[in-house]
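Colleague: Kindly produce the complete structure, drawing on both the sequences and the hints.
Counting from 1, position 143 in the sequence shown corresponds to residue 142 in numbering that gives the first Met the number 0; the numbering is continuous, with no gaps.
To be clear, the hints were calculated from the coordinates, so they are not data collected in a lab.
Computed from a predicted model, the values in this text were never measured in an experiment.
A hint or two may mislead.
[What the hints assert, rightly or not] DSBU-like, lysine-lysine: derived pairs with alpha carbons at most 30 Å apart: (1) K95 - K26; (2) K167 - K254; (3) K216 - K167; (4) K185 - K145; (5) K145 - K95; (6) K26 - K185; (7) K254 - K216; (8) K216 - K26; (9) K167 - K185.
[What the hints assert, rightly or not] DEER-style ranges, computed between Cβ atoms: (10) V38 - Q89: 17 to 27 Å; (11) H176 - R251: 25 to 35 Å; (12) D37 - S13: 10 to 20 Å; (13) L6 - G124: 19 to 29 Å; (14) D53 - Q9: 17 to 27 Å; (15) R25 - E146: 40 to 50 Å; (16) K145 - G165: 18 to 28 Å; (17) G52 - S92: 35 to 45 Å.
Every residue gets a Cβ at the ideal spot worked out from N, C-alpha and C, and that includes glycine.
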Amino acid sequence: MTPNVNLLTQHAISYIDLRRFPEALRKLDQVLDITPDDVDTLVYKAAIAQAEGDLPRASTLLAPLHPAADDTEALETQVYQAVLERRPAQIISRLKEILAKPDPTLGYINGELRFWLGWAQEVAGDHAAAQETWRQARSQLESFLKEQPENTGLIGDLALTNMGLGDKAAALSLAEHAMVANPIEKDALDGPQPIEILARVAAQIGEPDRAITALQKLLSIPYGGPLAQNVPLTPALLRLDPMFDPLRNDPRFQKLARSEAPKQ
Numbered sequence: 000m001t002p003n004v005n006l007l008t009q010h011a012i013s014y015i016d017l018r019r020f021p022e023a024l025r026k027l028d029q030v031l032d033i034t035p036d037d038v039d040t041l042v043y044k045a046a047i048a049q050a051e052g053d054l055p056r057a058s059t060l061l062a063p064l065h066p067a068a069d070d071t072e073a074l075e076t077q078v079y080q081a082v083l084e085r086r087p088a089q090i091i092s093r094l095k096e097i098l099a100k101p102d103p104t105l106g107y108i109n110g111e112l113r114f115w116l117g118w119a120q121e122v123a124g125d126h127a128a129a130q131e132t133w134r135q136a137r138s139q140l141e142s143f144l145k146e147q148p149e150n151t152g153l154i155g156d157l158a159l160t161n162m163g164l165g166d167k168a169a170a171l172s173l174a175e176h177a178m179v180a181n182p183i184e185k186d187a188l189d190g191p192q193p194i195e196i197l198a199r200v201a202a203q204i205g206e207p208d209r210a211i212t213a214l215q216k217l218l219s220i221p222y223g224g225p226l227a228q229n230v231p232l233t234p235a236l237l238r239l240d241p242m243f244d245p246l247r248n249d250p251r252f253q254k255l256a257r258s259e260a261p262k263q
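Modeller: Structure, rendered in structure tokens:
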């Protein structure tokens, strides 16, 4: 990556964290002027489209791409697209194919991809397959946690996996541990990531008050999100993301999902 491209990309990422998506898109288009068809840049543009609730635009950008497992962010952005569209059949096949021969150099990311496969299977309505996949994911992720006890990305993956398996105590404990390991006071950019994990866990395990409080905080600040491409939550994503389905009838959630995310 040339210094100029690297600088433009960093600028774009800063604008994404701030939810200033038009400025981010302008920087990404400048990158594409220099390096046409750059996959990472196209994926950032797709992630912005998702955050703005424009799934058709995101699909147009993502559909032609065929990322390998080691291009994890591109692959996970495609999985997230399928989850947001609630049409995960095709991506389930792709993930199964990749995970049939996992790349050992990816470390805990193989477990992370298994979490995503489980989520896609759950959205597809195949609860039994999702549970089996999440059990495998938990086993893989736990083996890495012994070596990387302060890796908040790994802890977040494990929290969401335990959430999927219905282990409320473990999911909450892990989310809270990640918040302590990397507090927002110490790291304004990545510190909020565990708060988003907590919001997702709380939404799914029947703790709406904790989920709403966390979401109110997240929508009021800039940050890099914990999921694909590190995009922060937006009202549009709250409207689309199946993980927040249990909150849909809560007037407080409806207000957040209707709001305009403040530009920082």
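Colleague: Please go over all the hints and tell whether each is borne out by the structure.
Modeller: Here is what the structure says about each hint:
1. This hinted pair does not check out: K95 and K26 have alpha carbons roughly 35 Å apart, beyond 30 Å.
2. Taking the CA atoms of K167 and K254, the gap is about 27 Å. The hint holds against a cut of 30 Å.
3. Of the supplied pair hints, the one linking K216 and K167 holds, its CA atoms being roughly 22 Å apart against a limit of 30 Å.
4. For the hint pairing K185 with K145, the CA-to-CA distance comes to about 24 Å; that is within 30 Å, so the pair holds.
5. This hinted pair checks out: K145 and K95 have alpha carbons roughly 26 Å apart, not beyond 30 Å.
6. Using a Cα cut-off of 30 Å, the hinted pair K26 and K185 holds, with the two alpha carbons roughly 29 Å apart.
7. About 14 Å separates the Cα atoms of K254 and K216, which keeps this hinted pair within 30 Å; it holds.
8. Proximity of K216 to K26 is assessed by CA-CA distance (about 28 Å); at most 30 Å being required, the pair is judged to hold.
9. Restraint check for K167 and K185: satisfied, since their Cα atoms lie roughly 27 Å apart, inside the 30 Å limit.
10. The hinted window of 17 to 27 Å between V38 and Q89 holds, with their beta carbons roughly 19 Å apart.
11. Evaluation of the 25 to 35 Å hint for H176 and R251 yields a pass: the beta carbon distance comes to about 27 Å.
12. The beta-carbon spacing between D37 and S13, approximately 18 Å, falls within the hinted interval of 10 to 20 Å.
13. Taken as a hint, the range 19 to 29 Å is violated for the pair L6 and G124, whose Cβ atoms sit roughly 45 Å apart.
14. Evaluation of the 17 to 27 Å hint for D53 and Q9 yields a pass: the beta carbon distance comes to about 24 Å.
15. Judged by the Cβ atoms, the range 40 to 50 Å given for R25 and E146 holds: they are separated by roughly 41 Å.
16. Between K145 and G165 the C-beta distance comes to about 24 Å, which sits within the given range of 18 to 28 Å.
17. As the Cβ distance of G52 to S92 is approximately 27 Å, the hint placing it in 35 to 45 Å is violated.
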